[in-house]
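Protein chains: 2
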Amino acid sequence: MSGDFQKNCNVAEIAAEIKADSFLMASVSGSMRDEALRKISDALAGGKEAIFAANKEDIDAGIQNGLSEPLLKRLKFDQQKLNDCIDGIAGLISLPDPLFQKIFVRELDEGLTLEKVTCPIGVIGVIFESRPDALVQIAALCLKSGNCAILKGGSEAINTNRALFRLIHGAGLEAGIPKGFLTLIETRADTQELLGCHDSIDLLIPRGSNEFVRHIMNNSSIPVMGHSDGVCHIYADKAFDLEKAIPIIHDAKTQYVAACNAAETLLVHRDAAARLLPPLFERLDSSGVTVRGCPETLAIIPAAAPASSDDFAAEYLDFIISVKIVGGIDEAISHINRFGSHHTDCIITEDAEAAERFMLLVDSAGVYLNCSTRFADGFRYGFGAEVGISTGKLHARGPVGLAGLVTYKFKLYGSGQIVGDYASGKRSFKFRDIQPERHI
Amino acid sequence: MSGDFQKNCNVAEIAAEIKADSFLMASVSGSMRDEALRKISDALAGGKEAIFAANKEDIDAGIQNGLSEPLLKRLKFDQQKLNDCIDGIAGLISLPDPLFQKIFVRELDEGLTLEKVTCPIGVIGVIFESRPDALVQIAALCLKSGNCAILKGGSEAINTNRALFRLIHGAGLEAGIPKGFLTLIETRADTQELLGCHDSIDLLIPRGSNEFVRHIMNNSSIPVMGHSDGVCHIYADKAFDLEKAIPIIHDAKTQYVAACNAAETLLVHRDAAARLLPPLFERLDSSGVTVRGCPETLAIIPAAAPASSDDFAAEYLDFIISVKIVGGIDEAISHINRFGSHHTDCIITEDAEAAERFMLLVDSAGVYLNCSTRFADGFRYGFGAEVGISTGKLHARGPVGLAGLVTYKFKLYGSGQIVGDYASGKRSFKFRDIQPERHI
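The listed protein sequences correspond, in order, to chains V and B.
Residue numbers for the first sequence follow our numbering, so the first one is 1 and each next one is one higher.
Residue numbers for the second sequence follow our numbering, so the first one is 1 and each next one is one higher.
In short, the hints are calculated from the structure, not lab data.
Since we're looking at a predicted model, the values are computed, not measured.
One should not assume that every hint holds.
Simulated pairs of lysine-lysine, DSS-like, Cα-Cα distance not exceeding 30 Å [as the list claims (entries may be wrong)]:
1. K102(B) with K102(V)
2. K102(V) with K238(B)
3. K73(B) with K430(V)
FRET-style restraints, in silico, Cβ to Cβ [stated by the list, open to error]:
4. Y256(V) with G327(B): 37 to 47 Å
5. G111(V) with A45(B): 53 to 63 Å
6. Q192(V) with E296(B): 39 to 49 Å
7. G176(V) with S31(B): 52 to 62 Å
8. M32(B) with K179(V): 47 to 57 Å
9. K426(B) with A20(V): 20 to 30 Å
10. F100(B) with D241(V): 40 to 50 Å
11. A352(V) with M32(B): 17 to 27 Å
12. G328(V) with S415(B): 20 to 30 Å
13. N218(V) with P70(B): 37 to 47 Å
From the three backbone atoms N, C-alpha and C, an ideal C-beta is built for every residue, glycine too.
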């Protein structure tokens, strides 16, 4: 564990120190956190030569090690990415403080007032891919939400990550933020040790392959937020509009095939198949997409490949789509709830009632009408940024921005009340909402 | 697994059927769920002779098996408990529907509107002690929040639980609720099998001893909500009011010692000790409470027993309290964050600034000023009922009522939008909040 400011310590000890700082973080004002974000933004702008130089080392090593073109593209940290990071921080500063928000205020009795108030989660460990801009986003989101972050980035980005960490950590300290607000760890051994620190770490957010996320879930008793799969569906209903359907399906499949929100399976209403499939196949085929169809699909599109049963649970992350013809909306919903990954699923229809049925009954973080599944993203939802996408149903679901990085506590302000008086009937509760609970 | 309506099936098959019903539950209207609660209330009132007869069998067996007096008291289901259950259901009916609530509505672009909307979690397994009234509360809370509940009650209450289950399940079906809304399981083997049903069960809520809750957490990959310990503290600050302090400490310790929200440790500011401890000791001693003190405490109260270091992490659930003198509020906060269980902790002070500091920095579900820790309870918070208390920080914290039994999904209403147009700059996001996010 390092970041060049902590040496000769083991991970558990450092995590315990960070935990102690996390209690202090809960009392840092929103204006101080925003001021720190401003200083961080300035430090990144001022330190760009150091960042770019470090990034060049990583890129050179990556080329030498035969890193693929898409991975090199993610690893690259240039002026454009720096601008995006700085814009992202400015966006975060402009968002309201997620802390100290009163979810409700209730007078239980005279002089006995209950408040449900937002507060930070505490210490969050984020393990992410070799994308240096992700380090900046995650650090900024955690700081804005009052959490301490322990970051482990991909090893290919080690020099860039160190340069970014130094600038961000230094600027945060200068603004008076407790030093434990940000820690960089670099080795797999440190990560492994981190998984055992359940007394100090409140939440783990692993990003990466399914296998990696499952490995983390199976090897730690710390709560994990993340997604294990992204098997997203599009269902073209009987009353679909061809002008919408073809661009949406094409975009959801091809706009970025490696993304978890790319569509993997198309379900088509039997009465819609003959009209939709031939022009769709032509469009997909011209973009190099392989169509793997059920027998009914093959009868309409003989040029398609036959789908095996495995195809309908596959996350291809590639230019392949499986196609199945279904008898109606309920069969589509059942298929999605059974084979999907509860990530993002879309219905294409002009029938408002069918749309509502689909959106109520499909058990996914995102249920869409007439638009691409690729919209499932924190930036596109207006969250400023995201730390990841959750396909779990507890705490946070879908893209996780600031709202997913806070929890709450109950504050009860009394003036000497004891429970014995209420148990004996001497006093009774009044339950008067001063500020009613509006949502969940 | 039974409830006399499902025979010759294994747990995994039944859980899968319940999962399928849970998707339908997500579309049952609030008025239908309330109507079902009314029918359940009527069925319980009308079926009371059958319930009392079944309860007599359990009580007789309990006496024969030498069950202790407190356990027999919890097992007893009489007219008073029935009235409480019926009042509880009436209270739940009067609460607003927790489902279909819009947390925010945001126009991302013209004709592209994002809604964050509450929905049920799905299938919830609750394992609880031999308290038949808990079955009624939990079933009612899960129904009101649109969840399917799989209940496993203590085996001593088997006859009462069956009688209650028959009435509740029958009344729910009569109101048109999908049959999977409630299932009763009875054997340990079924419970064990349930822990492996991670494809069908969304959440487990175990209630009972620490060991039991830990056993569940360690033997299932299903998310678990619960509390592992209840080591609650009271800190008497320098500026404490004796008239408040003594009744509060006495109530928090003695009003119901077996409760998780009973106080186990008292921390006292050094400057407050000489004034507080002698009269407090007298009061506690007269109620049969053993005081185990640190050396400084013993110097003031020589009649107290010496505390070992283990005492400050102990959940006694008995007429024992540990007492430690501290140098000030920050030492108290550090002690609580280190030795406490993040359940409920109280400061007694007349100093508003000290109170705010304590309530911000103590990392617990409940942070109290000048009132008994025993208030940490769903009924006393005005939730109508609770399924349990969570000391975890994710999803739900503290007493868990309706708000802790729902999650949300993102609904995105489009009219043909594709991500490619936004990536290329042909279109750009507008982010206009139609209904802003108010809380977390």
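To see whether the hints hold, each was checked on the structure:
no.	hint	result
1	K102(B) with K102(V)	18 Å, holds
2	K102(V) with K238(B)	29 Å, holds
3	K73(B) with K430(V)	28 Å, holds
4	Y256(V) with G327(B): 37 to 47 Å	58 Å, violated
5	G111(V) with A45(B): 53 to 63 Å	37 Å, violated
6	Q192(V) with E296(B): 39 to 49 Å	43 Å, holds
7	G176(V) with S31(B): 52 to 62 Å	53 Å, holds
8	M32(B) with K179(V): 47 to 57 Å	55 Å, holds
9	K426(B) with A20(V): 20 to 30 Å	50 Å, violated
10	F100(B) with D241(V): 40 to 50 Å	27 Å, violated
11	A352(V) with M32(B): 17 to 27 Å	22 Å, holds
12	G328(V) with S415(B): 20 to 30 Å	23 Å, holds
13	N218(V) with P70(B): 37 to 47 Å	40 Å, holds
Going through the hint list in order, the structure does not satisfy hints 4, 5, 9 and 10.
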